[in-house]
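K.L.:
Residue numbers (this note's numbering), protein chains in the order written: chain A, 39 to 395; chain B, 39 to 395.
Note that these hints are calculated values from the structure, not bench results. No false leads were slipped in.
Reference excerpt, derived from the structure (chain B facing chain A, CB under 8 Å, subset only):
#1 Arg-56
#2 Arg-167
#3 Pro-199
#4 Ala-221
#5 Gly-340
#6 Val-346
#7 Ile-357
#8 Thr-362
#9 Glu-363
#10 Gly-367
Simulated restraints on C-beta separations:
#11 B:His-314 with A:Arg-285: 44 to 52 Å
#12 A:Ser-190 with B:Arg-251: 37 to 45 Å
#13 B:Glu-388 with A:Ala-247: 44 to 52 Å
#14 B:Arg-321 with A:Arg-285: 43 to 51 Å
#15 B:His-314 with A:Ala-282: 50 to 58 Å
#16 B:Trp-186 with A:Gln-386: 21 to 29 Å
#17 A:Gln-252 with B:Asp-390: 39 to 47 Å
Given the structure is predicted, the values throughout are model-derived calculations rather than measurements. Ideal Cβ positions, reconstructed from N, Cα and C, are used throughout, including at glycine.
Protein chains: 2
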Amino acid sequence: MSAEPASATSRMKVVVCRDLGPDVMPLLRARTELDVVVWPEDRACERAWLLEHVPGAAGVLVMLSDKVNEELLDKAGPTLKVVSTMSVGYEHVDLPALAARNVRLGYTPDVLTDAVADVSVMLALMAGRNAKETMGVVQRGEWPNTSWSPFSFCGPQLSRPSPSSTRTAGFIGFGRIARATLARLVPFGITHALYTTSPGSAPSPAQDAQYTRQFSLTSVRRAGSLAALARGSDVVFVLAPGGAATRHVVDERFLRQMKRTAVLVNTARGTLVDAHALARALREGWLWGAGVDVVEGEPAVGSAHPLVQEPRCVVLPHIGSATTETRLGMATLAANNLLAGVFGEAMQAELDLKGRT
Amino acid sequence: MSAEPASATSRMKVVVCRDLGPDVMPLLRARTELDVVVWPEDRACERAWLLEHVPGAAGVLVMLSDKVNEELLDKAGPTLKVVSTMSVGYEHVDLPALAARNVRLGYTPDVLTDAVADVSVMLALMAGRNAKETMGVVQRGEWPNTSWSPFSFCGPQLSRPSPSSTRTAGFIGFGRIARATLARLVPFGITHALYTTSPGSAPSPAQDAQYTRQFSLTSVRRAGSLAALARGSDVVFVLAPGGAATRHVVDERFLRQMKRTAVLVNTARGTLVDAHALARALREGWLWGAGVDVVEGEPAVGSAHPLVQEPRCVVLPHIGSATTETRLGMATLAANNLLAGVFGEAMQAELDLKGRT
Chain A
39 MSAEPASATS RMKVVVCRDL GPDVMPLLRA RTELDVVVWP EDRACERAWL LEHVPGAAGV
99 LVMLSDKVNE ELLDKAGPTL KVVSTMSVGY EHVDLPALAA RNVRLGYTPD VLTDAVADVS
159 VMLALMAGRN AKETMGVVQR GEWPNTSWSP FSFCGPQLSR PSPSSTRTAG FIGFGRIARA
219 TLARLVPFGI THALYTTSPG SAPSPAQDAQ YTRQFSLTSV RRAGSLAALA RGSDVVFVLA
279 PGGAATRHVV DERFLRQMKR TAVLVNTARG TLVDAHALAR ALREGWLWGA GVDVVEGEPA
339 VGSAHPLVQE PRCVVLPHIG SATTETRLGM ATLAANNLLA GVFGEAMQAE LDLKGRT
Chain B
39 MSAEPASATS RMKVVVCRDL GPDVMPLLRA RTELDVVVWP EDRACERAWL LEHVPGAAGV
99 LVMLSDKVNE ELLDKAGPTL KVVSTMSVGY EHVDLPALAA RNVRLGYTPD VLTDAVADVS
159 VMLALMAGRN AKETMGVVQR GEWPNTSWSP FSFCGPQLSR PSPSSTRTAG FIGFGRIARA
219 TLARLVPFGI THALYTTSPG SAPSPAQDAQ YTRQFSLTSV RRAGSLAALA RGSDVVFVLA
279 PGGAATRHVV DERFLRQMKR TAVLVNTARG TLVDAHALAR ALREGWLWGA GVDVVEGEPA
339 VGSAHPLVQE PRCVVLPHIG SATTETRLGM ATLAANNLLA GVFGEAMQAE LDLKGRT
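With the sequences and hints as input, model every part of the structure.
P.N.:
In structure tokens, the structure reads:
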């Protein structure tokens with residue numbers, strides 16, 4: 039025992055709610071001044087285990103599934119300096135409770151922008167091109183008996199079909215992921231973009247002119263209303279934050295205003311879209327198709343869910359950020375945020391908790 | 039009968055092997071100097087019907103499924119001026135037999151470039167992001183019982199994950215569709231492109247420099263060999279013509295040389311890829327995933343086909359050009375080619391048959 043560089047009592051404890059793999063865990067384990075306690079199983083951390091191990095911890099690294107509330111913070115006690123979440127969202131964290139205790143919060147924004155923009159473009163293409171229906175034809179062994187016809191399986195084309203036509207992409211929310219998605223669509227021949235942002239922010243013609251130049255489009259502008267965005271868009275991307283303010287921003291009213299040839303993509307939060315209204319809209323042809331990576335109430339979305347039943351609705355199990363590169367980036371950032379918090383250094387991505395009390 | 043503008047005998051007969059729908063058929067039916075004979079069913083034209091109606095025709099409009107051979111041309115007789123095919127390929131047409139009879143051939147190139155480029159990008163994304171596996175999880179009702187983990191479902195990211203990294207797209211064949219595909223990939227952060235063309239054509243550093251500027255990449259260059267393209271690419275697009283010269287250009291040897299994190303996309307012709315070698319490669323992890331819109335022997339590709347069985351292989355039933363806009367464009371072009379051929383005018387897209395005898 040005398041060979042140990044520091045005794046367990048003099049080392050600071052950090053509790054890690056998930057093994058982050060052989061590329062990231064050494065960042066933590068190499069720090070001999072830390073006592074690194076890791077949930078040992080390959081599934082979500084059990085609450086009882088977390089509450090048992092968190093007392094006296096200087097830092098906790100959590101996932102979206104781990105609630106950071108008064109209970110956890112009380113158990114941790116006054117030693118706690120930092121909570122680091124491996125997520126861009128922080129709905130699972132009680133921000134005022136953290137602020138009241140002067141505990142810092144690290145998170146992982148930006149690093150997943152490209153991965154989510156990629157999936158957004160993929161779903162826009164899949165929704166228009168009947169990917170679910172046509173893959174199903176092949177998987178069920180129906181290809182040999184499917185007779186070709188000039189317009190079978192035909193959906194709307196994302197690419198502009200001729201130089202004289204137009205294509206408008208609509209964005210509910212116009213943050214980093216939305217702009218990265220729009221950038222990817224430019225060479226498909228998108229000509230116009232419409233967007234909405236939080237109702238509080240003022241329209242800015244100067245900003246719109248700057249966006250128009252940046253993306254080399256005919257125009258990028260803030261839509262006068264959600265209805266105008268619904269009516270004017272060939273593809274609508276839902277990329278706003280979740281929460282009460284944006285709940286069901288895509289509802290029956292919105293869906294009825296969409297073009298019958300348009301597609302809807304949601305890669306943000308399930309709560310933004312009224313799933314039952316969307317299923318009905320697809321069934322009745324108010325729009326052409328949809329692709330969603332997130333669904334209200336997920337993961338309790340079984341095979342009988344109305345969206346899962348719709349042949350024109352691609353449903354993915356929330357894999358927006360699931361690329362090896364991005365998840366490694368998120369895990370590395372979460373580990374580094376934890377270290378910076380524990381050692382009192384500047385964090386690479388810290389949420390400002392001022393005014394959250 | 040005297041009210042008819044021209045008698046059936048004085049009108050020129052055109053035989054159309056498929057109803058082209060309410061947007062295109064009027065182009066033909068409006069020409070009172072033509073006797074338009076249309077296969078009445080919504081399935082591939084029966085050979086016996088075609089042979090029965092073609093004698094004395096001035097023009098025939100065919101699909102890929104209709105063989106244009108000596109038999110058909112003999113039946114049509116010396117009145118035949120034009121064959122118009124609603125396809126970019128002409129494997130079904132005996133070119134020397136046409137040339138020998140001075141019959142012109144219209145086809146529909148270019149108009150499907152964007153639709154196929156869109157599907158090529160879609161399949162590259164789907165292959166990397168495990169779209170088939172993850173959609174399957176949802177459709178089979180397994181989402182509620184799938185526990186999240188930091189690296190579950192993670193595949194390679196098409197987008198460049200950081201400004202210091204690189205991404206190389208490889209193209210077997212570098213015609214219009216390949217270049218339209220590359221253009222779409224630029225904002226995903228692709229940095230390099232490699233391509234091969236027909237073995238006979240000489241490398242051109244000046245052309246490569248021009249491509250490099252055109253696409254704003256670090257480099258676009260002709261690969262020294264197929265092996266160099268396989269080894270260097272993060273995503274390989276098969277976009278060469280079919281036929282004996284390119285049969286199994288992607289074989290076991292090629293697949294073994296690919297990066298283990300790379301994906302393969304085939305939106306050209308099934309014969310270019312050895313399907314059994316690809317299935318084995320996916321099973322054994324020589325590459326990450328694949329997306330194919332075409333398979334050797336299609337449409338005789340049932341649910342037991344080894345590629346259909348592979349969870350990392352997306353198989354689509356040859357829908358590359360299947361968008362409403364593109365198929366309308368192809369049908370319109372085929373109708374106009376037919377008219378131009380019948381009336382001895384310049385065709386919008388005519389295959390030069392000189393030297394084909």
